[in-house]
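Trainee: If you want the building blocks of each chain, they are given just below.
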Amino acid sequence: MPLSTTLARINDRFEEEIVELHQQLEQDTVIVSKSALVKLARFLKEDSELEYNYLMDLTAVDYFKRKPRFEVVYHFLSLKNRFRVRVKVPVGEPEPEVDSLVSLWPSANWYEREVYDMFGIKFQGHPNLKRILMYPEFEGHPLKKDYPIKRRQPRVGPKD
Amino acid sequence: MHGVIRIQVELDGEIVRKGEIEIGYLHRAFEKHCETGTYTQCFPYTDRLNYVSPLISNFAFAAGVEKLMGLTIPERCSYIRVIMSEISRITDHLTCIGASAMELGAFSVFLYMIKAREWLYELIESVTGARLTISYGRIGGVKADLPDDFDQKCRTVLEKTREVIEEVHELLSGNRIFYDRMRGVGTISAEEAIGYGITGPFLRSTGVDYDVRKAFPYLVYDRLDFDIPCGEHGDNYSRYLVRMEEMEQSIRIIEQALDQIPEGPTNVDPEGKIIAPDLMADLGKFGKTAGLLQNEVLIQPTLQGSEKRYKEGISTDSKEAALPPKEQVYSNIEALMNHFKIIMLGHGICPPQGEVYCPVEGANGELGFYIVSDGTDQPWRVRSHPPCFPIMAALEKILVGGQMADIVATFGSVNMIAGELDR
Amino acid sequence: MEVDHQGSFQAGFFTSKVDKMVGWARKYSIFQYPFVTACCGMEYMSTACAHHDIDRFGAGLPRFSPRQADVLFVVGTISQKLAPVLSNIYEQMCAPKWVVAFGVCTCTGGFYDNYATVMGIDRIIPVDIYIPGCPPRPETVLQGLMLLQEKIQNQKQEV
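Chains as they are written, first to last, in numbering that gives the first Met the number 0: chain A, 0 to 159; chain B, 0 to 422; chain C, 0 to 158.
Zero decoy hints are in this set.
Okay, the calculated bits of chain C under chain B, using three or more residues with CB under 8 Å as the criterion:
id	segment
1	35-42
2	46-55
3	68-82
4	107-114
5	126-140
Hints listed in this document are in silico derivations from the structure and should not be mistaken for laboratory results.
All C-beta atoms, glycine included, are put in the ideal place defined by N, C-alpha and C.
Just need the whole structure built from these sequences, with the hints factored in.
Mentor: Right, here's the structure in full:
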């Protein structure tokens, strides 16, 4: 089946750095390596045919037993063309780290802090990478699959 | 009443020089809980995300899973979802405007808005059984059909709500004090809003007319005729006007949907009798099934919505997702096995392996659920994209340069819902 | 030595009548501090407004400062991040003070049994009235308020 406009343009430009691209359920997905992320994001934003001006969502998924363990997922939206694309970056342990997109989209700031808080993935170049949803004394990263849901670290009151 | 937030500002007299916002005071581990239960068990958690418009979150999650499984829902169900979503949107805007007006001192406006909201809650209660945390959506449909007198009641309530909105317009829109406190305060430009990833009334007040219902139509929004109100200046007053007008448009949508909705539950034929469920089960077990399915089973009021006549038109045909009607379950073995397969842990609703991001228009902006499935009956990852998260991120910059008293006005017009922000 | 029973009987009668009068005054002039965090806040709003008016019980004026309030309504889930704040607010209130746990998240934690929430605020502060429900209907809240009023009336008042 023919590739959509977005996937075709990405494929032309970044053929070597892409790990995979597919279209499932009419949603375009691009899996790209860590090193090409900022280049791809800049291309998506500045290309005159695509113009992805929205970074809609930035999150991560923990594929526990798989290597690389994490995948950072970006959702982009082009307002003019009504296109959506999903970009996924596999990130492995130990020391999971990805480049930050704060210079391109200010919305990335708080999203990246949340991914750091919940998964422990660090973002290089982020101005203020600290916890956003949990309190500073909390140890560990709750959304990782090996953090049990009921392990409490109370600040006040009895320990469980 | 929005939730808990901590705003630290550095002041120079009355002018704000630097702002820092701390969130996370209502983090309730929604995403982690969704991974521990089945897909249907996620619905109560989605209610409590945006708790002023819970129906929209329910249906957004259901839409995501349905897309992943490739289910189609019947037309009547789509209309029901549209009507309930728009009622929820109206309650959200009523609460937002009421609370923000109260914080500026206009206490009567709050009382009028909550009065209108109570009528809508009574309407929601007649359909779903609860006022606020309704868990009404199901994968493949909704829990139960609309009651018989819904059409009449809904139209009456919408008329009364229109009058309340008119009253509030008279009280606030031309009010000198309200205008002075809101006009020119909390301004954001369209480029900044897009850069921060903001959607919803906040974005539309800057002039960009992006609404998921028109841009990526879902359910039956493409058959309904409504406008997208847009502001010009991007300040608090524009947001207030956009929300007031959106309520009017929602009422318009509901009235059209009530006109267009296809036929409802059919009555049982005259020969059919009402039979107790244990008797039906016994007859079925002994093989005395002649004419048994003509009967309507009498079940407990809490299970209402599970009989055949309520299930038609609101649940998908797919056997993998929708529970069969109770008459079938009590009388034949295939339906009993179907019921068992959907309910038991380890079986249940198993979407194929894959991922989906399904956006809908929430009351605050684009609400999307990113669902990753690994083929079992428990989701691998459920992520909700909260519409007010980027708005709160932008708020740190919006507050700078304004006065301290403007923080109250701007924060009220942001419509931060902590359940959605912190999940 | 003769103990003046008559005198002590009269003194006891007098103090219990003063207790009742002070209790009556206190129960009909409740200044609540609505510590609202989550979904229960919507039902709190409904209870406070025109349909299910809380003002007819004398509890209609919320004070948003703990120094000026006497009943702390804890409405909605309390997370671990917020727990020290709640405990601080409780300590800042002056006696006599009462606490109402509104909603099942504050009574026992509700279904949020996870790393981020406090399973019931009675782990942090003493609670007088528990109003369960997720969220409780306004009628339930009013019944809880009436129970609180009964408690205030019947307790030994410290003046």
